[in-house]
Structure formats: C-alpha cells, structure tokens
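*Asks:* Could you build the full structure based on these sequences and the hints that come with them?
As given, the protein sequences belong to chains A and B, one line each in that order. All residue numbers for the first sequence refer to this note's numbering, where the first residue is 375 and numbers rise by one. All residue numbers for the second sequence refer to this note's numbering, where the first residue is 375 and numbers rise by one.
Derived from the structure by calculation, the hints contain no laboratory data. It should be emphasised that the depicted structure is a prediction, and the values quoted were computed from it without experimental measurement. Accuracy of the hints is not assured; some may be wrong.
Because identical chains cannot be distinguished in the list, a pair is counted as satisfied if it fits within a single copy or across any two copies.
To be verified - Only pairs whose alpha carbons sit at most 27 Å apart, straight line, appear in this in silico DSSO-like list of lysine-lysine: (1) K461 / K429; (2) K429 / K806; (3) K461 / K806; (4) K624 / K376; (5) K624 / K913; (6) K529 / K913; (7) K913 / K606; (8) K624 / K529.
Below are the chains, spelled out letter by letter.
Number of protein chains: 2
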Amino acid sequence: MKSNLEIAQEADLQPIDDIASSLGLLPEEVEPYGRYKAKITLSVLERLSDRPEGKVICVAGVTPTKAGEGKTTTAVGLTQGLGHIGKNPVLCLREPSLGPVFGMKGGAAGGGYTQVVPMEDLNLHFTGDIHAISAANNLLAAMLDASILHGNVHKIDALQVSWRRAVDINDRALRQITIAQGGRANGYPRETGFDITAASEVMAITAVARDLQDLRRRLGAITVAHSFDGGKPVTAEDLGAAGAMAVLLKDAIKPNLIQTLEGQPCLMHCGPFANIAHGNSSLIADLMGMRLGDYVITESGFGSDMGMEKFFDIVCRVGGLVPSAVVVVCTIRALKHHAGLEDPNADRPLARAALETGANNMRRHIAIVKEFGLPCVVAINRRPGDTNEEVEIARRLALEFGADGAEVNEGYERGGEGAAALARAVVEAAEKPSNFGLIYRDEDPIIDKISAVARRVYGASDVYLYPEAEKKVAQYTRDGLGNLPICMAKTQYSLSADPQLLNAPENFTLPVRDIRAYTGAGWLVPLCGDIMQMPGLGKTPAAFDVDLEADGRIVGLF
Amino acid sequence: MKSNLEIAQEADLQPIDDIASSLGLLPEEVEPYGRYKAKITLSVLERLSDRPEGKVICVAGVTPTKAGEGKTTTAVGLTQGLGHIGKNPVLCLREPSLGPVFGMKGGAAGGGYTQVVPMEDLNLHFTGDIHAISAANNLLAAMLDASILHGNVHKIDALQVSWRRAVDINDRALRQITIAQGGRANGYPRETGFDITAASEVMAITAVARDLQDLRRRLGAITVAHSFDGGKPVTAEDLGAAGAMAVLLKDAIKPNLIQTLEGQPCLMHCGPFANIAHGNSSLIADLMGMRLGDYVITESGFGSDMGMEKFFDIVCRVGGLVPSAVVVVCTIRALKHHAGLEDPNADRPLARAALETGANNMRRHIAIVKEFGLPCVVAINRRPGDTNEEVEIARRLALEFGADGAEVNEGYERGGEGAAALARAVVEAAEKPSNFGLIYRDEDPIIDKISAVARRVYGASDVYLYPEAEKKVAQYTRDGLGNLPICMAKTQYSLSADPQLLNAPENFTLPVRDIRAYTGAGWLVPLCGDIMQMPGLGKTPAAFDVDLEADGRIVGLF
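*Replies:* As structure tokens, then:
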C-alpha cells in the first residue's frame with residue numbers, strides 16, 4: 375500500500391471555494407489561504423442561528439500506545455463513511471502541533487485513504503494559528519518583564535510570576551530556565567520556562583471564546599503574577615497587553631476549512647495535546663459545524679479519560695452542548711500492549727490471551743462513556759496484520775462490555791466505503807435516548823471536582839494533593855475561583871498518573887503536585903504525577919527523516 | 375488629515391488576482407492568502423528568464439531619528455509616482471517584524487496616501503514567513519540540545535555553541551539566559567539567549583537563497599557549535615536538521631504580493647533590521663521584480679551606511695545585480711536632529727542654522743552613494759509643518775553636495791501625484807552612466823574588509839578589534855571563511871558605532887567586539903559597539919495603544 379504522504383500528494387483535491395459553497399457558505403464568509411485551505415468568518419454563526427443543530431458525535435479512544443491508535447484516521451473514516459451512506463457530516467479536528475510532527479508521533483491528518491488534505495500544509499504552520507498564539511503569549515511575557523524593569527508599577531513579585539513563554543517545538547532545554555541575566559538592561563533575573571504552545575492559556579482561550587469580544591475579555595482576565603503588596607493578582611489587562619494580544623489573534627479565532635480525501639468538509643481548529651491542555655477543537659468550530667452539517671464528528675485527544683472528559687466537563691459545560699454519542703477507537707495492537715505483549719505479531723494462542731486481557735482497558739473506556747450517560751460505539755481501527763479472528767474477538771468483547779455498537783473500521787485501506795458499517799452504527803446509536811450528565815457541578819469544592827474525575831473517570835481509589843497543590847486549593851477558593859471547572863493534566867498512557875500502569879489499574883492514588891489557574895480560559899489545571907507542559911525530543915526525532923527532494927517534493931512527513 | 379490606519383482601512387483594494395494578472399503572472403503562479411495577499415511561486419523566474427531586466431533603484435536614507443524618516447513612505451510614493459507618470463514599477467519591501475510594531479517604531483507599510491495594503495494583515499503575521507523562520511531556527515536549537523543530551527555523538531562542546539534561539543518579539547529578558555536547568559531530563563545547562571528573528575541566520579538564508587535547493591544546501595551549512603574534539607565545526611546537516619528546516623521554509627521562500635494604495639504591485643519579503651541583519655528584501659523578490667517591471671524600487675533599511683551598503687556588498691555581490699541609482703530619503707526633522715535641535719518647530723533663524731549644520735549628515739550619505747559609483751537622488755520627504763523655505767534649503771544643499779537630483783516627496787499627503795517630480799528625477803538619474811563598484815573584494819583579508827567599510831562608508835579613522843574579535847578573525851581565516859563578505863551589525867543612529875555621535879562624525883574608531891560566522895548565509899557578522907541582536911520594550915510600548923473596537927476594527931496600529 376502507498377504511504378500516507380504519497381496518497382495525500384496524489385489526491386485530487388476540490389477547490390476550497392467549492393467545498394465552502396457546497397456547505398452553504400457565502401463567498402464573503404470564506405477567506406482562502408491558498409487554493410485548498412480557508413478561514414471561515416465568525417459571522418456565519420449569526421447568519422445561521424435559526425438553522426437546526428446537527429448531532430454531535432465525540433470520537434475518543436482507549437488508552438493509546440506511543441504510536442497512537444488512529445483516532446484521527448477513524449474520525450476521518452467515519453466522516454467519509456457518513457458521506458458514503460448519504461449523510462452530511464462536518465468533521466471537527468484539532469490543529470497539528472509542530473512538536474509531534476518533528477518529535478515522535480507525526481502529523482495529525484489521519485492515514486491511508488482516510489486523511490484530511492492538504493496534508494503537508496496542515497502539518498506545517500497551516501494558516502498560522504499556533505504561531506499567532508505563541509506570539510500573543512510571548513508578547514504578554516515580554517511586556518510583563520519590561521514592566522517589572524521599568525518601575526514595576528503593578529508591584530509584581532518576581533518570585534510570584536506564573537506566566538510562562540511558549541514555543542511550538544519539543545524543546546526540553548526550555549522547560550526550566552533563568553532569564554534576564556547579564557545586567558540591568560536585560561531586566562530582573564528570575565527562573566521561569568517555556569511550555570509548548572498547545573498548553574498555553576492563550577490556546578485555551580482561543581478554543582473556548584465565543585467571539586472576538588469574548589476572546590478580548592478572556593485575554594484581559596489572564597492572571598500573570600501576584601503582587602508583593604498583598605498578593606493581589608496582576609492580569610494581562612493590568613499590563614495593557616490584552617488589546618494587542620487580541621489583535622494578534624484576530625484571524626486565529628476563525629476556524630479553518632479543509633477537506634477529507636472524499637471531499638467532506640473539515641473544520642480544523644485549535645486544541646492539540648489532551649494530556650496537558652483541554653485537547654479539543656474550538657467551541658466556535660463545533661458550533662459552526664452544528665449549523666452546517668447534520669452530524670458533527672469532533673475528535674477529542676487521547677483516551678476517553680483525557681480529551682473526552684474535558685470535552686464534556688469543559689466545552690459542553692461552557693458551550694451548552696449535548697452530544698449524542700461517543701465513538702471509542704480501539705486497535706488490536708493497543709489491547710495487546712495493555713496485556714504487556716511486546717510483539718503484536720506473536721503466535722496465536724498467546725496473542726488471543728493477550729487480547730482478552732488487554733480488552734479490560736476497552737471495558738473501562740466504555741464504562742467512562744456510560745458514566746456520562748451517552749451511547750457508545752466501539753470502532754476497531756483495523757491495521758495491517760490484524761486477523762479476522764482478532765477483530766472479531768475485540769468486537770464481541772466490546773458488545774459484551776456494554777457498547778451500543780462495535781464495528782471494524784477499514785477506512786485506512788478502503789476509504790469511506792470501508793467505514794460505512796461504522797457510520798451506520800453511529801447513526802443508530804445517535805438516535806438512542808441518552809442521559810448526558812457532567813461529572814461534577816460548578817459549585818462543588820475544587821477538591822471534590824478533582825476527586826470526582828479521579829474516581830469516576832480514572833478509577834482511582836484516592837487523590838493525594840502535594841503541599842503546593844493544597845496551598846493553591848486554599849488560595850483559589852479564597853480568590854473566588856472555586857467554581858471553575860478543572861482541566862486535568864495527566865499522562866495519556868495510563869488511566870492513572872503513572873505511565874507504566876497499563877490496562878485497567880485499580881486501587882491507585884492520583885497525585886496532584888500543583889494546580890495552575892487559567893483565569894482567562896476559566897478553568898483550573900491540576901498537574902498530576904510527572905506530567906510536563908513541554909515535551910522533549912528523543913534520540914531519533916521524526917525530523918531526521920523529513921526533507922525536500924530535488925524536485926521540491928517533501929519526504930518523511932507522516 | 376486621516377490617520378494611516380484610517381486611510382488603509384478605507385482603501386479600495388483590488389483583488390490580488392487582478393494585480394497578479396496585470397503583472398503577467400499566470401493563475402497557477404499565484405497562491406492567494408485571503409483576497410489581497412498572495413505568494414508567488416518560484417517557477418516564475420524560470421518562465422520569464424528571457425525577459426529584459428528592469429532597472430534596480432535602491433531607496434536608502436540619511437541617518438534616521440528613532441521615529442524613522444519615512445523611507446518606506448518614500449519608496450511607496452516613488453512607486454506610485456512612477457505609476458503616475460506611466461511607468462511599470464515593482465516595489466520590493468521588507469516584511470515588518472512584530473518587534474517594532476509593538477515596540478516603538480510601528481509598522482512598515484508606509485504612511486498617509488503612500489502605503490502598501492492590506493496594512494493590518496502585513497503588520498500582523500502577514501503570510502507567516504517570520505514565524506516559519508523562527509520555527510526553523512528553534513527546531514535546530516532543540517535538536518542541538520537534544521543531541522548533546524542523547525549521547526552527544528557530534529562531540530559538541532557545550533561551551534562552544536554559537537546557535538541561539540529566536541523570537542519575533544522585543545524581549546530583552548531573553549538576551550542572556552541559562553537553559554536546561556532542573557535536572558538530567560532537561561539536558562545540559564548552559565548559557566545562551568534569543569535573538570529577534572530578523573537577526574537569525576535562517577532569515578539571512580531565506581533572503582539570499584536563489585531557489586529551494588540553494589536554501590536546503592545553505593541551511594545544512596549553518597555552523598551551530600564547535601566540537602570539544604579539535605574544535606571542528608558542527609553543522610545543521612550534521613544534526614540532521616536541515617531537511618526539516620527546509621520543509622518548514624518551503625512557503626516562506628516565496629515572495630508575497632500586495633499592492634500600493636494606487637494599485638502598483640509590491641513584493642514584500644524578508645529582511646527587516648538593517649542594523650543587526652542585512653536589512654534588505656530577498657534576492658528572489660528583487661530578481662522577480664526585475665523580470666516583472668521596468669523599475670524595481672527596493673528599500674534598504676536605515677541610512678545608506680546600513681542597509682544600502684549591505685545591499686551592494688552582499689546582495690548585489692551574491693546575486694550579480696547592478697543597480698542604476700539610489701534615492702537617499704531625508705527629512706527636515708532628521709537634519710535638525712543631527713544639529714542637536716530638540717524641537718523641530720523652533721523659530722526660524724535657529725531652525726535654518728540647524729538645518730544647514732545637520733545637512734552635513736546628508737552630505738555624507740550622498741558621498742557614500744558616490745563611493746559605490748552610482749547616481750544619487752535626494753528625496754526630501756515632506757512632513758506636516760515643514761516650511762517651503764526649509765524644503766527648498768535642503769533641496770539646494772543636496773544639489774550642492776553632488777546629488778544628481780533632489781526633489782520633494784509630497785506623496786504622504788497627495789499620493790503618487792505628489793511624488794511625480796521625484797519619479798521623473800529618478801528616471802533621469804537611472805539613465806545616467808554609472809560606475810558601480812563594491813567596497814571590498816572577496817579575497818581581501820577579513821580585517822581589510824571591515825576596515826574598508828569603516829573608513830570608506832562610515833568615515834572612521836580607525837578600527838579596533840576586541841580580543842574576542844581578533845580571535846575570530848584568526849579562526850575564520852584558518853577555517854577557510856576568509857573570502858566571505860561581511861554584514862556589519864552597528865547602531866543605525868550614527869555613522870559611527872556610538873548612537874550619541876550624530877551628524878557627520880570624523881576621527882572616530884570603530885570598535886568590533888565580536889564576529890559571528892553565518893556559514894550558511896555566507897557572510898561574517900562583526901558586532902560593532904554595543905549593538906544587540908535582541909531589542910527591548912520601553913516603558914510605554916506601542917502595544918499599549920493597540921486594541922480591538924467593539925465592532926472588531928483594529929485601533930492603534932501605525
């Protein structure tokens with residue numbers, strides 16, 4: 375079979391204006407970026423406010439391996455499958471970060487015959503949203519340090535600065551740094567660091583803002599530091615930075631329109647890194663998709679404990695969305711991995727036993743979906759080498775574990791036609807009565823919210839707050855931030871905070887080492903276990919393989 | 375009169391496809407970014423290689439004040455003026471950096487009725503070139519530090535790493551930092567810093583590369599460090615980063631097409647910061663302009679000692695260009711400033727005396743142009759409040775000092791019609807016989823090249839190399855880099871390296887504190903005096919004034 379890049383490079387794309395007009399968008403609502411990408415103006419939401427809303431389908435997954443289980447591939451496949459059976463879906467994906475593109479996991483365009491295109495562009499800068507977010511983040515940082523230097527009128531305590539800089543590169547050397555060395559002209563030396571841009575509060579704000587004015591207001595509400603004079607919060611508004619930041623984001627707030635290999639529309643916007651960020655596409659993209667399609671397929675990052683939980687408890691809470699069903703993506707490889715089987719091509723009896731053991735991870739994810747009161751369809755994302763027997767076992771177990779449907783997704787090799795059965799199962803599940811509910815209430819104490827997610831979603835038996843986290847709970851409660859939702863930062867490789875604890879761990883304690891307050895985005899970020907907001911490059915990063923051929927073609931992107 | 379932003383916001387822009395087709399570009403050579411910006415594919419150069427070349431006019435200036443003397447305004451005005459008198463000009467400008475936009479100097483779109491548009495877009499991210507350059511720069515840095523951590527196969531001496539990170543923000547706190555603190559997982563702690571992206575060698579390479587393959591090769595040739603094992607250079611190619619960097623720059627290398635307020639084409643590409651970088655538009659943009667227009671108006675940053683000298687000694691040397699004439703932009707305000715007159719509206723006898731004294735700065739810049747053997751037209755960029763008598767004195771002095779022409783540019787208030795006389799003078803000067811020559815030869819020793827620029831351009835009587843610079847001269851000569859041209863980094867506020875030394879200083883020594891080797895771009899960068907490659911924000915940065923109105927309109931950009 376051809377490589378992802380080859381398939382994408384050979385694809386016969388429709389002009390983006392055609393995709394837009396088939397969606398019912400007016401020419402003045404479409405801002406082209408090249409011939410195959412466009413931004414959609416926010417005025418669409420106003421114009422279509424009377425149109426009936428499409429059903430929201432969340433695509434989540436089991437606990438993934440490091441290679442990923444093809445969740446984007448399945449979301450694209452499902453969208454193509456829905457197109458194949460005559461529905462009008464709109465796909466909402468998250469924008470790729472350069473970190474994984476050049477790090478280990480690769481791009482975020484799906485794979486095989488279920489991809490969104492133009493694959494190269496969207497994996498490389500795309501329409502510049504993430505760079506704009508970095509710039510706004512870093513302008514605020516520069517203005518903060520300059521303000522401390524030039525008289526410090528806001529009485530910022532240099533030891534209580536919480537705002538960090540951001541860059542969209544996996545750069546471990548920037549996690550912890552000392553800035554402003556070298557004398558007075560360079561400012562007041564202090565320790566700080568860079569996060570990857572996906573984890574920036576500016577990304578979070580762009581993803582949940584309802585319009586430009588809401589964006590502007592939320593940017594102003596960012597807390598960057600506390601004063602040495604009574605520990606009062608200092609905001610981006612205080613520093614005079616929020617207006618310029620909003621101006622930097624005036625285009626980034628508009629969702630980007632691209633297409634699947636079979637011509638269905640995809641709004642790709644915001645939100646990578648469901649481990650250290652909220653990990654979902656933007657609220658605006660979802661709302662737009664609901665007015666433009668009869669099904670919105672929206673992908674949440676990593677397992678259902680990560681992106682999906684935050685999609686429900688944050689995005690649906692803030693945006694008032696009620697999803698209709700969840701797709702849990704699963705691979706035979708992942709199930710074997712959770713049973714500790716290193717070689718997915720091990721001989722049959724061994725592999726079958728591993729499959730049945732590792733399926734307990736899938737069982738837990740089905741249960742998490744049920745905890746939120748929604749129908750659950752398991753999609754077995756078939757990979758080369760998976761036997762008929764294996765996928766049949768996984769399908770049977772999914773139904774035994776309470777899934778409302780379980781289908782094999784063969785879109786990777788066959789495109790939308792290979793995902794038609796999955797599409798039909800999703801349509802059916804979305805018609806079922808459901809009882810969608812959130813895991814915690816706004817008014818629950820902070821610790822109860824953390825505990826609810828830890829117990830009811832992760833399956834923890836207990837939560838342990840480090841002293842720093844304890845202190846923050848007290849401080850935030852005092853500061854009136856107690857009724858914000860929470861956005862957990864946790865490893866994606868385990869239901870627990872320990873990446874080594876595979877499959878379906880029980881009787882574990884969730885350690886919370888610190889809590890950050892995103893007062894502009896409007897949520898609190900408990901940092902669980904060793905999770906870091908800046909990934910690092912390994913010994914052989916994907917960047918090694920990326921290059922230009924003599925004719926200008928790109929090789930090595932995947 | 376209306377503000378720059380108001381004029382730009384009210385402008386009636388032509389669709390960029392129309393501008394492109396009137397230039398003779400084919401639809402497949404134009405990649406739209408929104409309706410009023412486009413990238414031009416490099417294949418144009420091949421297709422039009424038989425077309426006669428237009429004349430190259432370099433727009434330089436006197437030594438500017440901190441507010442700038444309207445060099446972009448004049449370059450746009452001249453272009454509009456040439457259009458007004460029936461010529462077909464192509465304007466080549468440099469892309470604005472967010473640093474000055476939110477720092478002090480403001481945007482880079484010209485002013486009044488001589489602007490390029492869309493002004494807001496081009497001052498904010500534009501088509502993403504500068505962010506792409508930052509990303510390529512920083513990917514290399516991350517790969518370098520990761521390589522040191524993961525076994526250090528290239529034997530990089532952490533104390534001999536020359537590669538720095540880059541961000542397009544004025545952030546003084548990042549000038550000197552310690553990275554990789556916090557333990558083994560974060561890498562090997564060392565001192566380093568960020569430069570503003572304009573000063574990155576990646577910007578330099580993008581600006582002088584002839585095509586994608588040349589870009590790829592030059593990126594690989596970047597020296598990032600030396601080994602502890604014999605002090606051998608370690609390159610981006612060694613680190614396996616150059617391919618990924620080239621891929622990140624595949625669009626940034628294409629010039630951007632925009633338009634003047636009167637519909638002339640402008641290629642805006644690369645190159646801000648002629649003090650700490652080479653400060654000119656890209657070679658590709660110039661070459662493209664030469665095939666597309668009968669006059670290429672290309673702006674060099676700051677005074678003729680800065681951007682123009684580097685345009686000639688670097689760009690023209692590398693690209694084999696022979697310019698036809700130079701425009702030296704001058705304001706009454708600048709001349710008074712050089713005489714030490716604080717208040718440009720001082721009473722008449724005082725002002726006239728100051729004008730005549732300060733005109734010595736203009737005299738020197740005319741002489742610099744003559745040193746390169748080119749015709750020189752002085753453009754008095756008339757600003758509100760300048761009297762007829764004042765502009766007449768300046769004009770007369772310019773001619774006395776040997777200018778081939780001297781005209782008032784009233785484009786700011788009157789558009790192209792107000793620059794028609796200037797345009798005619800430039801057309802006339804460009805017909806004159808000239809004797810273009812460079813200031814130094816490739817084979818001259820490094821120290822002689824520095825000395826030639828210092829003496830023949832700046833008017834220095836001597837050059838002093840600090841020990842670090844001395845060491846570098848020896849090292850680079852030994853390493854076979856002796857034949858490279860030099861790209862001086864020096865304050866733009868004086869012909870000397872001391873920003874306090876206004877007007878026409880003589881008998882001064884040029885201090886060179888260090889020399890950096892841009893082995894990919896292919897030049898050496900002597901750092902003169904206190905010049906820093908990262909500006910800082912002042913007490914009241916321009917960002918304070920920038921905001922969004924309730925209706926989404928931008929205010930405060932200028």
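*Asks:* Which numbered conditions among the earlier hints are violated in the structure presented, ordered from lowest to highest?
*Replies:* 8
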